[in-house]
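Construct the complete structure from the given sequences, taking the supplied hints into account.
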Amino acid sequence: YAYSKDMRENIMLQVSVRFSPEQVKAMPAGAFAALQQEIERRLTPHYPSLWLNVSKGSQSSLDVSGARSDREKADVMETLEAIWQDDSWLP
Numbered sequence: 001y002a003y004s005k006d007m008r009e010n011i012m013l014q015v016s017v018r019f020s021p022e023q024v025k026a027m028p029a030g031a032f033a034a035l036q037q038e039i040e041r042r043l044t045p046h047y048p049s050l051w052l053n054v055s056k057g058s059q060s061s062l063d064v065s066g067a068r069s070d071r072e073k074a075d076v077m078e079t080l081e082a083i084w085q086d087d088s089w090l091p
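For the sequence shown, my numbering begins at 1 and goes up steadily by one.
Keep in mind the hints are simulated off the structure, nothing from the lab.
Where is the CB? At the ideal position from N, CA and C, for every residue including glycine.
Okay, derived cross-link-like pairs now, SDA-like style, lysine to any residue, Cα gap no bigger than 20 Å in a straight line:
| id | residue 1 | residue 2 |
| --- | --- | --- |
| 1 | Lys73 | Pro48 |
| 2 | Lys25 | Trp84 |
| 3 | Lys56 | Phe32 |
| 4 | Lys73 | Asn53 |
| 5 | Lys73 | Met12 |
| 6 | Lys56 | Trp89 |
With beta-carbon atoms standing in for the labels, derived distance ranges:
| id | residue 1 | residue 2 | range |
| --- | --- | --- | --- |
| 7 | Asp70 | Lys25 | 32 to 40 Å |
| 8 | Gln85 | Gln59 | 18 to 26 Å |
| 9 | Gln23 | Pro48 | 24 to 32 Å |
| 10 | Pro21 | Leu90 | 12 to 20 Å |
| 11 | Gly30 | Ser60 | 17 to 25 Å |
| 12 | Ala74 | Lys25 | 28 to 36 Å |
| 13 | Ser61 | Met12 | 14 to 22 Å |
| 14 | Arg71 | Ala33 | 26 to 34 Å |
| 15 | Asp63 | Arg41 | 15 to 23 Å |
| 16 | Glu78 | Asn53 | 14 to 22 Å |
Here it is in structure tokens:
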């Protein structure tokens, strides 16, 4: 499906990060808020209309949608991986 330029500019990047109950137990207090802030800090300059959800679920998952291309999605995934590996954002 071909999008017009205006439609492409209005596509919102959506990132959903869910942690399993076991992962949540192992996290320090304030980790969800700190992770959300770090993801926003790194991604919002590139995606001003970023929709982000960091939450607890029955199992862990990571979902990225709304990227304009496979390369853009891969770039976002690489950024998320870098955030996770650099735990300096943890409280």
